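Residues per chain, in single letters:
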Amino acid sequence: MQNKLLFSLLLALALPLAHAGEATPVASDIALEERVMAVSAELRCLVCQNQTIADSHAELAIDLRNQVREKLRQGMSEQEIKDYMVARYGDFVLYRPLIKRNTWLLWFGPFLLLILAFGVLVVKLRQRRKAMQQAPALSADEHARAESLLSGTDKGVQP
Amino acid sequence: MNRFLLPLVAFIVLVIFLGVGLNLKPREVPSPLIDKPAPAFRVPQLHEETKTIAPEDMRGKVWLLNVWASWCVTCRQEHPLLVELARQNLVPIYGLNYKDKREAAIAWLTERGNPYIATAYDLEGNVGIDWGVYGVPETFVIDKLGIIRYKQIGPVTPEALRDKIIPLVKELNGAK
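In order, the protein sequences belong to chains V and P. Here this note's numbering is used: position 60 in the first sequence is 60, and no number is missing along the way. Each number in this note's numbering comes from the position in the second sequence (counting from 1) with 1000 added on.
It is worth saying that the hints were derived from the structure and are not from the lab. The structure displayed is predicted, hence computed values, not measured ones. Incorrect hints may appear among the rest.
Chain V regions said to be covered by chain P (calculated; three or more residues, Cβ under 8 Å) [said to hold, decoys possible]:
1) 62-72
2) 79-92
3) 96-106
In this text, a Cβ means the ideal position worked out from N, Cα and C, and glycines have one as well.
Please construct the entire structure, taking both the sequences and the accompanying hints into account.
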């Protein structure tokens, strides 16, 4: 029993050691790969335009991912890589459109529509309230008939 | 009357938007390289490995750079037009063979005719990326100062040649 416990304890202690020995080179690659993917997720694949080059399996996307990896290795910053791509493929290559004069409508258009719709709603509600306030009040007869309708004792209008 | 007018107007506006949308070409992304200096490269030639080719060699001429590959299906469609254009001697055409096997590319040109004065061999596709190539074929018009003046995305068509490329080449040749 004691031996078994000691054994498992040793095993548990040894496990991270063995792991660490193998993991070192992989870990640095993973860090790089994560950065490659992070940059790639910001860049549009021009072959399949609704995908980023991180998602796409198009040959151009693979080439561009390799370019990104190469440039990160050379120590280029993520912004520099994006600028490099924009210089070659235009603003369209950015998956998140820049906020500039010709994209204002794209970014703020939906909010504009929302405000517009809200304005229409407010105006309509006000009109309705006014119409209701101005509606003629019920006469005593009409009031009595409404009461009987609600209580279910209405006999209908006698012709 | 008013009840039907509003939905009708909304419908017509929608149809106009959809109609415009149908006629847009989202595949054709305008190149930011237009009116910018052609990106430099120096790569081996397709036919003669030991010789290189670079855009600065063409300084002083108006020229076309046609990006092509033997695996590219639409290149077959435009190729006869390029061969014909080369025969007319209007403008020197240079090729950029993009991500191709050398033997396959040479065989392709032997079979279909070679309109190119020389062809650059871009095995890795790095020149292509520098030039913002995202689909083959693409054709660039470069002026005497080495500035890119026009980019044809997709195959060169008889209309594009007649309406855009040839008039532009003539204009650029006339200009000093």
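How the hints compare with the structure:
1. 62-72: Our answer is that it holds, as 3 residues pass the Cβ test (under 8 Å) against chain P, meeting three.
2. 79-92: holds (count 7)
3. 96-106: violated (count 0)
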